[in-house]
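> These are the residues of each chain, in order.
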Amino acid sequence: MRVELRDIRKYFGDVRANDGISLTFEPGRIYGLLGENGAGKSTLMKILSGYQAPTSGTILLDGQPVVFSSPSDALHCGIGMLYQDPLDFPPMQVIENHLLAHDDRLVLDRGGGSRELEQYASGFGFELDPRVYVDTMTLGERQQMELLRLLALGANVLILDEPTTGISAEQKEMLFNTIRRLAHEEQKTIIFVSHKLEEVQELCDEVAVLRHGKLVGTQSIPCPTSTLVRMMFGEELPRSTHKLHAAAPTVLTVENVTIRTYRLTVEGINLELHEGEALGLAGLEGSGQRLLLQACAGLQPIHSGRILLCGEPLIGKRSPLFWTPWLAWAFLAIRTIWLIVRLLNGQIGGLQMAGGMAWALLIAGAIWLVSTVLIAWTSQSAYHVFRQRGGAYVPAGRLEEGLIADLSLTEHMALVSPESSFVINWQRARDEISRRIQRYNVVGRAETKAAELSGGNQQRAMLALLPPSLRLLLLEHPTRGLDVTSTNHIWELFEERLQQGTAIMFISADLDELLERSDRIAVFSGGRLLRILNAAETSVEELGHLIGGQQL
Amino acid sequence: MKDNLLHNLWRVVPVLMAVGVTTALLIVVGASPGVTYSALWQGSFGDYDRTFSTLAFWVPLLLCAVGLLVTFTTGLWNIGVEGQMIMGAIGASAVALEVAAAYPDIPGWVIVPLEIVVAMIAGTMWAALAAILKTRGGVHEIFGGVALNNLAIIATNYLISGPWQPPEGGSFRGTVPFPRHALLPLLGNTRFSPLSLVLALIALLLVVLALRGTSWGLKLKALGKNMRSAFLLGVSSERGAITAMMLCGALAGLAGAVRVLSWFDSLRQSISGGIGFLAILIVLLAGMRPLGVLVISLIFSGLLTGGAVVQLRTQLHSAISGIIQGTLVLFVLLFGDPHRVFRRPQPTVEAEAET
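For the protein sequence lines, the chains are A and D, in the order given. Heads up: the first sequence begins at 1 in the numbering used here, then just goes up one per residue. Heads up: the second sequence begins at 1001 in the numbering used here, then just goes up one per residue.
Bound-form chain A, shown alone (with noise of 0.2 angstroms):
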C-alpha cells in the first residue's frame, strides 16, 4: 500500500510538533525515519496510525484521502503501529491477546485460533506457545505476538516504533528478518522509526530525516554515517569557550553507582561535579542519564554505589524515634509473660487471661499506631533531605512534575517559601513572585494560574520559583520549547548563578546546547557512562556519533 503524507501539520499550543511534513512510502521498502528526541518522530506516526488527528494536513491511500477517527480506524485501513511499550494484556495468555478484536463472536475458537497462530508464528520462525501467560515473556517474544496480531488483522502498513529497544541481540536478528520478507517478499510498507543509526543502515532502503518537527530530506541507504548525522543534528555553530573547574571544591561525587530498574540498568557510573561547573549529560532519551540525574537528587534509589553531596551521602533521614514500635512489642511480650505467669500460678483462670491478652494487644496496637504517625511526622525522604542541602531539580513534565495546573503563580511562590510561616503572607507572596516574574520575563501575572501560561512561561515558571542560592542545580530539558532569545536570557541567568558557585548538571537532547553550555558532557549508551567529554574540544559531529551508539 503506497502511503503519502502531504503537509502534515501538528501544533500544541505555539509548539510545532510536525510543521508541513510531506513524504511518500512505497509498498516493499523500508523506510527509516530518523530524528533525534524531540524531532517530531512520534508525532507523525501517532498522526499517521490514527492516535491523533493532525491540525492539518492529509493522508493518502493508494491515492485515496483518509481521515482517521481511532488507531482501530486505521488498522481496518491497513495501517498498524508496533509500540514502544506492547500494547497487550500481560495477564492474559498468549492466544487471548490473539483473539481479541480478532475474534468478536461470543464463544471464542480457542483451538483453531490457536492451531492458525502456532503456524502462523512458525512462518516468520518465532516460537509462541499460545497458552503461556504473558507476563512471562520477555519483551521480544511481546512484540513477537504484538506484530502477528497486526498481520492477522490485515496491516499492510507496518510502523514500528523502536522495536530493538530492551530485546535481545537474537530477537533483534529475527525481527530484522521478518521485516525484511513482509517487505521484499510479501510487498508490505514499512516504517522503521528509529534514533540508532547503525540498525537504519543495517535494515533500511531509505532514511528521511526529521529535525524540529521538519522533514531536512532523504537519503538512500547505503550512504555515509557522516551525512545521516549532519541531517540529524545540523551545521556546527560556533560556541563559546569554558573554563574547567577542576580545581573547585566538588559539590556532588558519584561513585560506584548502579541503578536498576525493570526497563534499564545502568551501571558503575563515577562523576564528580565542582563548584562553579556545569555538566551536561548527553544520550539517547532512555539512555540512562535521566535515571542518573533523578538518583542526584535522590528521587530514584540506587542499588549500590554512594552519590555525595557536599561531602555526605544523599539519603533520606531516619526518624529519631526509629525505635518506638518496639515499645509496643516489648509491651505485648512482658504483658504476655506476666498473664502466662499469673495463669500457672492459679490466679487467673483462662477467660481472664483471654481477656487480659486482649487488652494487652489493643494497647500494644495503640501505641504502635501513635509511634508510626511520630515516625511518619520526623522522617525526611532522601528528595527533602536534598532540597535542604541547597540542591533543586528542574523536571521536564511542567504541568505534570513541576507546576501544579490549578494553582496560581503566588500559590506556588507560597508553597515555595522556606520562610513561611504557618499563616500565609499572601502580600509578600505577590510581591515576591512578582519581582521574579519580571527577572525572568514570564507573559502573566502572580494571578495567572500555571495551566493558564504558555508552554515556555511555564518553564521560565519553574526556574522563577528556584531558590535564589543554591550548591545544585539538576536540570532536564532546561530550555525545551523555548525560541533563542528566551534560551539565551535562560541560560545568562543560569550563567550568574555559576559564578557564585552553583554547580550545574542537565539533560539536553539539543547538542548545540550541550556544547555551548557545558564545561564537560559525560555521554550515556544503552545505561553506561561511555565517556566525559571537554565540551570546548568536541565537535557537534563526533558528540552526535557517540550518542547514536557508535565509538569512534
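Keep in mind that the hints were calculated from the coordinates and are not lab data. Wrong hints could be hidden among the right ones.
Derived coverage of chain A by chain D (criterion: at least 3 residues anywhere in the stretch with Cβ under 8 angstroms from a Cβ of chain D; other residues may be distant) [what the hints assert, rightly or not]: (1) 372-382; (2) 397-404.
List of simulated lysine to aspartate or glutamate pairs, EDC-like, C-alpha gap at most 16 angstroms [said to hold, decoys possible]: (3) A:Lys196 - A:Glu541; (4) D:Lys1225 - A:Glu401; (5) D:Lys1225 - A:Asp406.
Quick caveat: nothing in here was measured; it's all calculated off a predicted structure. Beta carbons are placed, not taken as given, at the ideal position from N, Cα and C, and that holds for glycine.
Chain D: place on chain A using the hints.
The following block gives chain D in isolation, referenced to the frame of chain A:
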C-alpha cells in the same frame, strides 16, 4: 460576567428537574404532590420541634462533611469517615458508661468535655490507622476505610451485646441510657443541642480559614491537585495525608459523640445512620464549596426527617425522601456542571506534546 450569572443560575436547574421527576412519579402512583410536599415541609421545618429535630440530625452530618472537605482537598477518599464516627461514638460512650455512671459525683461540665475529647481522639486514631495503612502499607484509603468501617461496626455490636449489655437482657439493641448529666445540654424536650451546632459551625469556619490562609492548607491543596508536583516542590505527601486524615477523623469522632450524646442517649447498633456516607455525597455534590456543603447538608437533613411525616399523613412510604434525594443526586451529577453542559464535546483522544 454574563456567563457567570448564567452558571450561577444554572445551579437551580438540576433541583427543579429532580422536583419535576418526583412530582411526575407522585402523580403516577396517584398521590397528591401538594399534600406530599407540604407534609415533607411540615415534617422537617413545620414547627419548632420538627425544626430542632432536623437541626439535631444536621449537626453530625455537617461535622463529617467539614472533615471530608479537608480530605477531599488533599485528594483522599476517606470512605472510613463512617467508622471514624462510630469510634467517636464508642469513645464518648466509654466515658459516659465507665466514668460518669461509676462516679456520679463528677459534674457534667467535666464529663461532657471529657467525652468529647475522648471521642475525638478515638476518631483521630481510627483515621490515623487508615492513613498509616495507606502511606506505609500501600493500602488504598478506600479499601482500608471500608475494612475499618466494618471493624468499627463489629466493635459496636460486641460492646452492646457484651461488656455494655443492659442488665435486663440483649433484646434492646443498645446500652442502658446514659445519666442525664453525661449528655450534651439539650434544648427543652428536643434532641437538639445548641452547643453542638456552635461547635460544628466553628469547625466549618476554622477549616475554611485553614484551607484558604495557612501554609498547611495550601500544601494539602497542592497535594490534592498534583501529588507529584507538590512533592517535587518540597511538600511531604505523607505528612499531608496523615494530618488531613487525622483532622477529618477528629471531626467525625465529634460527630459520633453528638450522635450518642444528643440524638440518642446510649450507644446503639445503628449509631451512624449512614451519616458518614451521606456526608461524602454532600461534599461531592457541593463541589467542595463550603457554602454548598452547609446548604445541601441542611436540605438533606430536612428531607430525611420530613420523610416520616409524609408516611403518617399520606399512604406513601417514607422512602419518598430517599427518592427525592436520589433523583437530586442523579440530576446534579448529570447536569450540575454548567461548564460541561455548555461546552462543546472535546475530542476524546488525549493530545500530549511529544516528549
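> Could you check the structure against the hints above and give me the numbers of any it violates, in ascending order?
none
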